[in-house]
Amino acid sequence: MKISSAKLWIALVLIALAAVAPLGISGYWLRLFTFIFMWIGLAGSLNLLTGYTGYLDFGHVAFFGIGAYTTGVLMVKLGMPFFPAMLISAVLAGFLAVVVGIPTMRLRGAYFAIAMLAFAEAMKQVVLEFDGITGGGNGLSLPIYTNYQFFYYAMLGTVLLIIGTTYWFENSKFGKGLMAIREAELAAEVTGINTLYCKLIAFGISAFFAGIIGGIYAYWMTFLYPGDTFSVLITMRMIIMAFLGGAGTLLGPIIGAAFLATIEEILWAEFKYTYLIIVGFIVVFVVLILPRGLVGLFRQRILAR
Amino acid sequence: MLLQVLLNGVLIGGIYAACAVGFSLIFGVLRIINIVHGEFLMLGAFITYWLFKLHGIDPFLSIPFSFAILWILGYLLQKYVINRIIEAPEIMSLLLTFGLSLIIANLALIAWKGDYRLVNPEYAGANFRLASLTIPYTRLATSVFALAAMAGLYLFLKQTDLGRAIKATSQNKDGARLQGVHPATIYSVTFALGAAVTGIAGSLLSMSFSVFPSMGGDYLLFSFFIVVVGGMGHIPGALTGGLILGILQSLSTNFVGAGMTYILIFVLLYIVLIFRPAGIFGKGLVE
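These protein sequences, in sequence, are chains S and H.
Counting in this note's numbering, the first sequence runs from 1 upward without gaps.
Counting in this note's numbering, the second sequence runs from 1 upward without gaps.
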């Protein structure tokens, strides 16, 4: 999919608006938009894996958590500045993804999905067990940094990088190879694509970005707690956002995450469990009626005209 | 001491095996990973809890209720919801059952609150001694029931026409169709049977562990571990997998800390997936 010049202009205007927005907003709104970018980034990171390889990841929060905790530990225990700490954490997240992916991505996605659930649970326990380094169940406090515009731009920048990567997936030979694997792995293999290698690269990139977001989140929140940082809920929200918007599309995760993050902001505090029931119904609805997400629905409408 | 720890592991392992066997059956026949599995266990446990708490029904006598209620729930879910995507890419069934598990777990949370509950009949703490070993009656009885449930399922699949039709469908769907077996019916019955056996396992769990609405997640993970180790879709393998998990958990809880169990589970899972993806006997389905 090539982007037409009209769409490109809309995108540029939106980016420019996002770039100047902190001049006009502060406090609550700045925080809300930073959160929305974080979720767009996380949904986009999952989409790079799941949307393009068809491998659903029930433990993607592991890479967010690895990014957050490694950044925290490097800054607190080694006194490292934020940027190198975040980069090292993201590389570590990507590396671990490849290591975990080697046996699991040879098998069908069903094995991968739950093996990742086990991985995320194991990572949380590693943080709890090695409490001398990570603070364990007492949590980990990072140096406090209150320049909230910094976090806004950091999340926005990461989102743009992820969108750029998704665009590259959509238009490169590598991305086409991935989509071929998603649709018919055996056929892709026969045409000479090294399927395991391609899937591992996509997984590594996806985890790398989740790690970056985790690192920014850690410095932004200044306090990490294993139960929250490795929460299954984070994985669930990533999956739901990506699929509601439309997995395997450029805009899907952006739309899904922006939509759900806004609704959550309104409903979450008061109706947490009701909200999750509604979300459950949304997932069932999306699978049965709207398998290509909101973006797919919109495209169908255009084609039907 | 070590012998006692191993014995505890074996007794728990029997129950764990029963927890996983329905998961394995459903995967073997329908080729879907059923994420609602953990919620089936939770519902079975709550059925026992409420019958005991509200009507004073002995936990062991509540087992038929769990079986029947979960059978109906499983049958309806498969026939009217899951069957609609049975031919779709597997990611759809993962997502769909994930959505269903969110709905059921959070409905339970609203209805029953998040408290940890215990099923504690008068005989709950009773035990007897055998040489230097302490054996709790409840643990022993639940393990025996778990084994009986698995044996029953195994014989049903082997000896009855319906059971053989289920096995035939899992081995070769088109071949079975040619013999007059209707796959959609078999799918519904299998899913119902898998759910019902899982309901029994939930009842058995409630007699040894706390019951709460979000308990499903851990047991989904345990069940997955068990069937990967024992071989996906290979029913007798679940017994071995269950015993390995029970012993592993018992050992790690006693010697290195309960939290380590999850790390060991992942490490072992990783090793098995590298070297024995079809389970330690090599009899599971690998695709």
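In short, the hints are calculated from the structure, not lab data.
A virtual CB, placed ideally from N, CA and C, is assigned to each residue, including glycine.
Don't take every hint at face value.
[Unchecked claim] Heads up, incomplete: computed chain S residues facing chain H, CB under 7 Å, no partners named:
hint: 1; residue: L92
hint: 2; residue: G109
hint: 3; residue: F119
hint: 4; residue: I144
hint: 5; residue: N147
hint: 6; residue: I289
hint: 7; residue: L290
[Said to hold, decoys possible] Sample of chain H residues at the chain S side, in silico, Cβ under 10 Å:
hint: 8; residue: F27
hint: 9; residue: I57
hint: 10; residue: L61
Hints and how they fare:
no., hint, verdict
1, L92, "17 Å, violated"
2, G109, "6 Å, holds"
3, F119, "6 Å, holds"
4, I144, "30 Å, violated"
5, N147, "37 Å, violated"
6, I289, "10 Å, violated"
7, L290, "12 Å, violated"
8, F27, "8 Å, holds"
9, I57, "29 Å, violated"
10, L61, "32 Å, violated"
The structure fails to meet hints 1, 4, 5, 6, 7, 9, 10 from the earlier list, while all remaining hints are met.
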